[in-house]
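Protein chains in written order, with the numbering used here: chain W, 1 to 321; chain Z, 1 to 321; chain L, 1 to 321; chain G, 1 to 321.
Mixed in with the good hints, there may be bad ones.
Straight-line Cα separation of at most 25 Å, BS3-like style, residue types lysine-lysine; simulated pairs [stated by the list, open to error]:
#, chain 1, residue 1, chain 2, residue 2
1, L, K300, Z, K72
2, L, K72, Z, K296
3, Z, K72, L, K305
4, G, K297, G, K150
5, W, K219, W, K321
6, G, K306, L, K305
7, L, K148, Z, K72
8, L, K305, G, K150
Don't read these hints as lab results, they were simulated from the structure.
There are 4 protein chains.
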Amino acid sequence: SSMSSKKLLVDVDCGVDDAQAIMMALATPYVEVLGITCVHGNTNVENVCKNTLRVLQACNRLEIPVFRGAAKSILGNVISAGHFHGQDGLGDAPDPNAPGLDMLQMEGAVSALIRIVNENPGEVSLVATAPLTNLALAVRMEPSFPSKLKGLYIMGGNTESRGNTTVCAEFNFAADPEAAYIVLNDFLCPTYIASWEFTCYSKLPWSWCDDWLAQESEKARFMAQIFRHSMEESYSERSQAEMIDGMGFVSCDSYAMAAAIDNTFVTESDHMAVSVELTGTHTRGMMILDTLGMLKKTHKAFVMKKVNMVRFEQMMMDALK
Amino acid sequence: SSMSSKKLLVDVDCGVDDAQAIMMALATPYVEVLGITCVHGNTNVENVCKNTLRVLQACNRLEIPVFRGAAKSILGNVISAGHFHGQDGLGDAPDPNAPGLDMLQMEGAVSALIRIVNENPGEVSLVATAPLTNLALAVRMEPSFPSKLKGLYIMGGNTESRGNTTVCAEFNFAADPEAAYIVLNDFLCPTYIASWEFTCYSKLPWSWCDDWLAQESEKARFMAQIFRHSMEESYSERSQAEMIDGMGFVSCDSYAMAAAIDNTFVTESDHMAVSVELTGTHTRGMMILDTLGMLKKTHKAFVMKKVNMVRFEQMMMDALK
Amino acid sequence: SSMSSKKLLVDVDCGVDDAQAIMMALATPYVEVLGITCVHGNTNVENVCKNTLRVLQACNRLEIPVFRGAAKSILGNVISAGHFHGQDGLGDAPDPNAPGLDMLQMEGAVSALIRIVNENPGEVSLVATAPLTNLALAVRMEPSFPSKLKGLYIMGGNTESRGNTTVCAEFNFAADPEAAYIVLNDFLCPTYIASWEFTCYSKLPWSWCDDWLAQESEKARFMAQIFRHSMEESYSERSQAEMIDGMGFVSCDSYAMAAAIDNTFVTESDHMAVSVELTGTHTRGMMILDTLGMLKKTHKAFVMKKVNMVRFEQMMMDALK
Amino acid sequence: SSMSSKKLLVDVDCGVDDAQAIMMALATPYVEVLGITCVHGNTNVENVCKNTLRVLQACNRLEIPVFRGAAKSILGNVISAGHFHGQDGLGDAPDPNAPGLDMLQMEGAVSALIRIVNENPGEVSLVATAPLTNLALAVRMEPSFPSKLKGLYIMGGNTESRGNTTVCAEFNFAADPEAAYIVLNDFLCPTYIASWEFTCYSKLPWSWCDDWLAQESEKARFMAQIFRHSMEESYSERSQAEMIDGMGFVSCDSYAMAAAIDNTFVTESDHMAVSVELTGTHTRGMMILDTLGMLKKTHKAFVMKKVNMVRFEQMMMDALK
Ligand SMILES: [Ca+2]
Ligand SMILES: [Ca+2]
Ligand SMILES: [Ca+2]
Ligand SMILES: [Ca+2]
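Looking at chain W on its own, in the form it has when it is part of the complex (with noise of 0.2 Å):
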């Protein structure tokens, strides 16, 4: 069924709205998260890797294994997230408790995404809610890995060439391109994009973020703490310039979550073949959708359109339980 046991492997840049997926993840009964692998993103790979496990101790999950993975694109830079986050990524609100890098698995991300995965053939589906790099060394340094998920769920890309990082690519793409192209041609699982653009339309209005972070619990005095920065900064000229269709708020990463916790929680989707500009002056980074079919692929990916956002909300609430 929709809610039978699920494992999932988690890769994250972990700003804010990684954190608020990986939450939704740990508050499921029937999810074993089998591990968290970071890269470079909202911020350098060390605060990723500090954040991720900052996330797991709010939630008391330490138990969870945590891989530190590339530092930079596949072509070597690094671009700014911007500080949407805050410079640390999750919103500058150091805590003096938090768990040392000594925490950290001796493994590398790219390691574990393809032992963990033989280790459990055709049985985890992969969720990545950052820059593709970790998932694009796995496949080049082991071409069978995407034969072996279950599934892939992406935050990230575009559908209507509204960028929010370049003029017309969504950050986590733009961030590595090259990463991106890779694993929308390589991975041929079954593959569910939640876009920026779908991310916008789906969003929630900020009196029920209000409701939401006011429930009565340490995580949610925890995400209160780190959210802070990103909620003042969606007040920002830039942040209402990329915001679409309207104010509110985007939990972006929550989304590829949710479809991968629940199979039903996608209720339409373009399934079409997609691929990334490469090159362009001000498209690089951008996704394809091969409306035409001039792509000639054979692989389609599912572009989520529409969800279930009742369902949506009752994830999210139960997260900070």
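Given the structure of chain W, go ahead and fit chains Z, L and G with the ligands onto it with the hints provided.
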């Protein structure tokens, strides 16, 4: 007022929707068409000239001067329009009594554009419903050309990366990306753009089209004849893949014309810097909307979003009376 | 014979080496210069016009018509020439008695090129020692223009990816890559190219230059004045980095002119299809030699490899007599 | 000294010249080959593995570990090597007694490169005579990998835009431009490059090759067998078009190997920043020499210009003894 006397120049690649746009202009009493310039596009420039003369003949307006323009794009290539409007661009419904090319002016299109605008400084609205080669050459030959225009009305480009010719590009822009780039950068006059997506969102029902063509008039019979091919073509798999937001009758070029004819026609638009991608693998020719203000351009275009559809139906209906 | 009467049109961005090339033509008895067209390049097109008039005045040949051409490239930008020839393009050695811009023809450069070649079909050799904007516009305005030329002589491009302006591109091509592309594709007349590398390999010793300038003549004194800035500049770190195969005096534009004046001047050339890279990150504007025959072009250019240096020294020497 | 003990890792796409380079290393007493890693290129990676094992068998050195590496480029495509070395990469001269793929190590190439260099920090010279995919993956998997190398010796790239695979690009770089880009940017160790043009300028006469193959030895007989196909191919029109500066025997990969074996082999080189063009229409994969210092890179490579040809002939001759 919105219906005061208007001087128009029209630049066409006279396919069927260019014909519809021209006929709309000719049917408007307060509009004076100073000339029609021809350019490659739906068919070769010879056919475009012939088609334009046929349209004028059908409207008994052969006194309007027609000028031959560029036979190929700025870089020198021509792309196929895929014969949506037939091989001859006008439905492959030849007319034995069509006017000959001896009816063309000796003066070339670019020279004529410059001269006529010089003779009517600040008074001419230029309606461009074709690849923008002639306009790009005009500004390079006479840099002050755009500043002497009253306004520029373009059918072309796209706003949501939904290509109808290449994966991400609309036909008029894809047929000459450099020309579109030059025009969007160097025409600093008031500029209105009817994009492919916009025209699709503003389509008319096919049932309306039936009534339109059923009018008792020479013009309606002419239109029924030249439109038959495109109407059949619109049921092809490819045409249906191109179409956005459901099937129907999209007279693309007529929206740019309607905006030029009636100042009140456009009821909502984005006032935004725009450009054209020149170098992408999948995105060459795609229009760029600078929603984030990253292009640092001072000139902004009016990208049409909503128009007065009642008025549009009326103008279309009048065009065939 | 090689020295029979020659009709020339010269298209310049009149820096010091354009001046040297023009003076070579003026000093050749059997050469008739039908006109000089000006274009942006070493300096803005206004200065180019002024400089050209000054050169003609220094040679007492102000009866030769001078035409103003394009102020910017096909795409609309201008790049800095780095002031190798001084800010004014002619050594920043102003002349209070310089002719005014009222000496310019009213007709524009592109129009003049087309008209003069139409008046002398098959007889005109066109020498282009500047960004190729005017030529590109001429062929788009009048597609038959190249077929009426006797020959085309270009200084520009490079053959070994040794850029002098960008990492891999020579100035004249880098200043308008699209124009160079158009000209190399659409000028199907006999075409001779003096590339940057070729002119470097064919340089003269500075000691020769000293003798050249020491001639007792008005022209030599004029040249010494306008050339001082470039001579000093040639010892800069940047100029030395640009130079290929040792230091010396490279009068780039004069090689194209010498080839146009004397059919026997070029003693070895590659007859090869050529094009221009339009889209590279480091290679935009670089000339492409199709050594492998992969471009499938039927037209081939003569890419100069060896020239008669004794004849060159003689023509250069005569230019200042 | 130049001939002190050397530890080598060799990364190959074992065509015939890779075989020649490997045999040169095996014949050098003071050289210890720690392993050979295989990658796609002249043929598929399976064949590359088989060919490498055959070369080791021919030299009685099957104790050297061979590792399978990447089957395709970073972006995931493979280009055809045009079968210059035969379909199987080794002259289509199959050996019924060839070793099986069971002789391969279980460990993958990238993992082995990282491990072996970790076990011999600062002591290993890496010779790369193939598309650079394995090396690029190694530095992304282990960023400290290059800093632990003693030196890197690459056969690949070009210096004068004389392509042998695409119009402007050499095979090893054209086969994986992103990998070449990554390696030239991220391998900050001493780096020596034997470009296509350099190897052509340093060719041996075919008469020398005849003597070389006529040696009385098992190895010479093996070489004569696998080399026949390429020798015949070298008379094809295409091969002659690729060749620079006259015909002859160009054992490309052996120059990189000779430089790794003997510190005194390279007698002249340009010490210069280099990169790779990733986005050109005709220039994708072309090596960029930053002669003007515009790339602002601190790391510079040694681009070989002159080598000790007497020493080269001797090392080549010894390889077949
Ligand atoms: Ca994220
Ligand atoms: Ca049209
Ligand atoms: Ca010049
Ligand atoms: Ca090789």
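Here's how the hints hold up against the structure:
A C-alpha spacing of about 22 Å is found between L/K300 and Z/K72, which places the hinted pair at or below 25 Å, so the restraint holds. For the proposed pair L/K72 and Z/K296, the alpha carbon gap of about 20 Å is at most 25 Å, so the pair holds. In summary, the hint linking Z/K72 to L/K305 is not supported, as the alpha carbons are separated by about 34 Å, beyond the 25 Å threshold. For the given pair, G/K297 sits about 21 Å from G/K150 by alpha-carbon distance, which is consistent with the 25 Å threshold.
The suggested pairing of W/K219 with W/K321 holds, with an alpha-carbon distance near 7 Å, which does not exceed 25 Å. Using a Cα cut-off of 25 Å, the hinted pair G/K306 and L/K305 holds, with the two alpha carbons roughly 23 Å apart. Our distance criterion of 25 Å between C-alpha atoms is met by L/K148 and Z/K72, whose separation comes to about 20 Å. Taking the CA atoms of L/K305 and G/K150, the gap is near 42 Å; set against the 25 Å cutoff, the hint is violated.
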